[in-house]
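K.L.:
Sequences listed follow chains A and B, in order. With our numbering applied, the first sequence corresponds to residues 1 to 107, in that order. With our numbering applied, the second sequence corresponds to residues 108 to 239, in that order.
I should point out that these hints are in silico values taken from the structure, not numbers from a laboratory. Treat the numbers as computed from the prediction; the structure is a model and nothing was measured. One or more hints might be untrue.
Straight-line alpha carbon distances no greater than 25 Å define the calculated SDA-like cross-link-like pairs of lysine to any residue that follow [claimed, not checked]: (1) B:Lys113 / A:Leu59; (2) B:Lys113 / A:Arg66; (3) B:Lys113 / B:Gly129.
Footprint (simulated), chain A over chain B, 3 or more residues, beta carbon under 8 Å [said to hold, decoys possible]: (4) 109-117; (5) 151-161; (6) 187-201.
Residues of chain B placed beyond 12 Å of chain A at every Cβ, according to the derived structure [unchecked claim]: (7) Ala138; (8) Leu177; (9) Ala184; (10) Val209; (11) Leu222; (12) Val223.
Cβ atoms here follow ideal geometry from the backbone N, Cα and C, with glycine treated the same way.
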Amino acid sequence: MTGPADGTARDPGLQPERTRLAWRRTTLACTVVAALAVRQAVRGPATPLHLSAVALTALLWLAFLRTAHHRIADLAAPRPPGLAPRSALGAALFTVALAGMAVALLV
Amino acid sequence: MIDFVKDVRLWFAPQRLRDEGGTPDYRFSLANERTFLAWIRTALALVGGGFAVDQFLPDLRWGVRVGMALALLAVGALCALRAVNHWVRCERAMRRGEDLPVSRFPVLLSLGVGLVAVAMVVVVLFGWTAPR
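With these hints in hand, go ahead and build the complete structure from the sequences.
P.N.:
Here it is, written out as structure tokens:
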């Protein structure tokens with residue numbers, strides 16, 4: 001089997017593709033949670049808390065999307081660099097922020 | 108505890124992580140990344156479950172409903188933070204050529220999820236719902 005033109009051997013485990021799809025799945029999961037968060041916020045009265053919750057959810061969702069998008073772009077390289085700790089921390093903190101917002105809306 | 112503080116400092120310092128040992132085969136790093144993402148999805152599912160309990164189980168008593176939602180949200184947040192920590196520790200172990208860190212978190216999480224499921228069955232069976 002010959003490698004592609006840039007001289008790198010083909011990765012038979014398709015690791016970058018699998019990682020890209022894992023980011024896609026995670027983005028989908030994040031979208032579902034964001035939709036639930038917006039539903040939670042618009043069920044209540046239109047108070048500043050609920051309106052800012054909708055705005056914050058939109059921001060968090062976009063930030064998550066941006067992280068995933070950058071990572072997917074990085075994975076297109078022949079030898080993808082490792083995940084930056086910043087991106088990992090970001091993805092986790094967006095999740096924690098969604099949970100924190102849910103607590104604020106619940107109580 | 109001191110080790111944990113060191114781990115947390117690594118979360119914010121990509122350079123310090125890179126200073127440890129040598130760079131492993133990128134495929135191992137990608138596998139570690141996918142494991143991290145799977146944990147993040149688990150965390151997102153728990154947070155989504157917290158929203159869902161509050162939104163789709165209106166017949167439960169307020170205390171039961173909010174208590175379960177808060178428990179799910181707390182475990183979801185914990186799961187997300189622990190995912191970063193475990194990712195950093197695995198990455199460092201691979202760079203140093205050490206054994207991967209072991210963890211009892213998966214066992215605790217599955218026991219917790221099992222307990223919540225049993226609690227839900229009991230709540231539904233005994234009809235501890237709000238009076239209509």
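K.L.:
For every hint, state whether the structure bears it out.
P.N.:
Quick rundown of the hints versus the structure:
no., hint, verdict
1, B:Lys113 / A:Leu59, "31 Å, violated"
2, B:Lys113 / A:Arg66, "29 Å, violated"
3, B:Lys113 / B:Gly129, "19 Å, holds"
4, 109-117, "violated (count 1)"
5, 151-161, "holds (count 8)"
6, 187-201, "holds (count 7)"
7, Ala138, "7 Å, violated"
8, Leu177, "7 Å, violated"
9, Ala184, "4 Å, violated"
10, Val209, "20 Å, holds"
11, Leu222, "19 Å, holds"
12, Val223, "16 Å, holds"
Of the numbered hints listed earlier, those contradicted by the structure are 1, 2, 4, 7, 8, 9.
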